[in-house]
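K.L.:
Now for the letters of each chain:
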Amino acid sequence: MTPLLEVQNLSKSYPVGRKGLFGKRMMQVLREVSLSVQPGEVLGLVGESGSGKSTIGKAVLRLIEADSGTVRFDGQDLSTISHADLRRLRKDMQIIFQDPYASLDPRKTIRAVLSEALDTHKLHMGTARADRLTELMTMVGLSPAFLDRRPHEFSGGQRQRIGIARALAVEPKFIVCDEAVSALDVSIQAQVLNLLADLRAMTGISLLFISHDLSVVRYISDRVMVLYLGKVMEVGPADQIHFAPRHPYTAALISAEPSLKHESNRIRLTGEIPSPLTPPSGCVFRSRCPYALPACAETVPPLRDMGEGRLKACIRDDIL
Amino acid sequence: MTAIPVPKKTRLLPAIPRRMILPSILLAALILIPFAAPLITGADPVQISVRDRLALPSWEHWLGQDEFGRDRLARVLYGGQVSLTVAFVATTLACIFGTLLGLIGAYFRGPFEFVTTRLSDVVLCFPPILLALLVVTLFGPGAGTLVAVLSVLYFPSFARIAFSEALRVSSLDFVEASRALGTPSHRIVLGTILPNIAGPVSVQYSLTAAAAITIESGLSFLGLGVVPPAPSWGQMIRGARQFMNQDPLGILIPCVALILTIYAINFFCDRLRDTLDPKGALGGGKDETSVPVAARVTPSDETADVVASIRGLRLQLMSPGGPVDVIQDVSLTLRANQCTALVGESGSGKSLSSLALMGLLPGAIHQAGGALRLRRKSGQMVDLGTLTAKELEDVRGNDVAMIFQEPMTSLNPIHKVGAQMVEAILSHRPMPYADARTRAIDLLELVGINEPARRFDGYPHEMSGGMRQRVMIAMALTCEPRLLIADEPTTALDVTIQAEIIELLQRLRTEYADGLSLLFISHNLGIVSEIADRVAVMYSGQVVEEGPVSQVLNSPHHPYTVALLESMPSSHEELHSARGDRLRAISGTPPLPDARPSGCAFRDRCPIAIPSCADAPPPLFNSADGDRQVRCFRAPEAGSEAAR
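Top to bottom, those sequences are chains A and B.
Here the first sequence is numbered in full-length UniProt numbering, starting from 1 and rising by one per residue.
Here the second sequence is numbered in full-length UniProt numbering, starting from 1 and rising by one per residue.
These are computed hints drawn from the structure, not numbers from a lab.
Do not rely on the hints blindly, as some may be mistaken.
To be clear about the criterion: a stretch of chain B counts as covered by chain A if any three or more of its residues have a C-beta under 8 Å from a C-beta of chain A, and this derived list gives those stretches [as the list claims (entries may be wrong)]:
{"hint": "1", "segment": "319-328"}
{"hint": "2", "segment": "527-539"}
Below are the EDC-like pairs computed for lysine to aspartate or glutamate, each with C-alpha atoms no more than 20 Å apart in a straight line [to be verified]:
{"hint": "3", "chain 1": "A", "residue 1": "58", "chain 2": "A", "residue 2": "74"}
{"hint": "4", "chain 1": "A", "residue 1": "261", "chain 2": "B", "residue 2": "305"}
{"hint": "5", "chain 1": "A", "residue 1": "24", "chain 2": "B", "residue 2": "503"}
In this text, all values refer to a predicted model and were calculated from it rather than measured experimentally.
All C-beta atoms, glycine included, are put in the ideal place defined by N, C-alpha and C.
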């Protein structure tokens, strides 16, 4: 099966401040990340702040420009595509944001928010429009009577549903969910997760699900990719990553997650996440890794195939 | 074909608010009156009558005549036409040009940003009057030249404000969403960004118009503006200046006109800013202390280890529709060496309850019932409701401290960490600086900061989020409190860092001084189960279940607690969306405080509600051993209490 989205060696750095008179200090947020999403698949991206997970989400939609690497969507190379073609392709790839309060224009009615997408792509024009808007509202579990209200009249969970409806309006094949449920209260979060699961079953849509919450990611994703300081640490099927992590960072992340079941043998990480400006040599995780060896400082560990669709970037096989 | 729903034009103001009525009328009058001049006076503003020079007010000439015998009323009115036209046309041109430049610069960045900022900088480099003088000298005086000069002079202020505001709005997710939808750039800039920056730009417009009137008058006064004999306010001042001693009225009239107009415009833009800024609409101070409450409860269960107790707390929000109970019935007992967690979703009232314990309620909220009691260092229990503002301040500094979710906003970014800590220490207990410094460094070490002496001289921005939270904890400990309130202290932190902070708080509870009572506010049941001894679950302003953590979280009795636990994906590790499993979510959202259902507040979302739940609000039922309380008619406790 050809993947719907294929990303190869994506790198991105941002200038931060000055170095000397003319030089710029560059902060590398993504280091040669490769990933692929099959049609109908949900890929979870997990990592702490500074891991670059949101940058990946925006770079694959070309909302920001990557420094190097290729992004192929539906067989087309996004980095060489013309502006007009990119605009047309935007119909097939959408994004849902974290903050339901910042993601809707406070001055527009819900009808205007949803119509913007349809107008741009000349979809459901004329009489079909009203039906489509009703259908979208019903799909996300909101009453069509709310169409003429403005965002401030809705709760956070309802706004997030509107954000989902906006993304679904153009019938995309792929949606980036950037911390889409992180800002919601737990009972509302469960409702939105169920909605996403239903949409998945109904439309066969692909998702790139970005979150820092490992349990949420495990529930919604088929495969999970763990990132640390812009590097891929481990990739594999969601349940396996969650219940049998092979990379020390994944293991630490999962054991640090507060849970109702008290874990006696918690892996403790010491120290802070290093600044992306001054990452450790070799393996970027080694400065906090309880299993680090002197050899870890020498070379960047390659992402090795461990079989069963699992990959990890760690030189040690004698642990975990 | 039926009508296509046309996107409605977004209105900037929903309706004219009351506070805008007076300034709007005043401004409209001052603008309209000059243009109604022919209706008010028949006199010609340029007709000279040397015989009547400097004549006093008369029936034909209400305001008298000037040094050439011209009618002053006519001159001030017609002069106003010129002054106002020049000012408003110039301001409008500057506004359109500047705003567009700012918008384009901020949205497209790169070379556009360069052009916008540099162009503005270059113009701003010139002193305004000097630039105006230069242009007028080159092109000759006249209203047309004035308009051109003023619009060039003022466009940078619009460009700058539009640029910075548009930059802020562009970074918001809804603009990104429009880009992701493929909306053409011009529609994003004009349809989405422009309406969202309209507030500050319109305020800038009024301010600039007022300034333009002053500059116009100034230039005309210097003889570089409107060409005589055409009237303008600056011209009138210039003419009357020579006869100031004989005829003070001559200079007074144009000055009053000028002052009134500028005052009206400034009054208007002050009110406009308040109206457009949602925060400006809120009145009331922040630190208002609660008034003592009439009905006081004297609890008898206060053993020596009780650090604080809340009994039947009721908080009301004063709203236009009458008082609303935001907190209905909250009771908690906080003991030394114990951690009590307050759990609930946003709006459940968990933070408000803790702010009440600090005597820090927001101005619009007041205590309407119940008692808040706190043990002071002397061992005496005091009722917070009976304390004066000064005494409360003393309590806050000495007996109870608080840490917040976002450590960056709680630390002053321009002062060194050490200086802030020393200040806190000295404000509680006067001591030599060197001692305070030692104590601050000891505290930094206690909260697990490496190289505390070096960090003491650092700034907050040099630290990571986790370290700043440690500093906040150290700051809270400077007053040696008996009670530490932690309001979502780890929510903004990464999981691995969060685990460390939880560990630190755990350690402090047992190791610090003679034991710390910790009130831990959180929405995360996982964290609560790790840190707390007792937990109180809040829903819509009430405690619905309270008891030992292990019992409440392992066998919850209230259906809301059950629902909270059930909807966490981590409590169902066997479920997976790909297999078609759904999380056991409850429907609906928590009710707003002014729209709670009758009877039990949870009943319309409750899976086990029965008709009688609507009849009366359930009380807190005690368990047989008295260790747990549940607010539900269907809980086992309700049965056991009825049996007794």
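K.L.:
Hint by hint, which ones does the structure fall short of?
P.N.:
Violated hints: 1, 4 and 5; rest satisfied.
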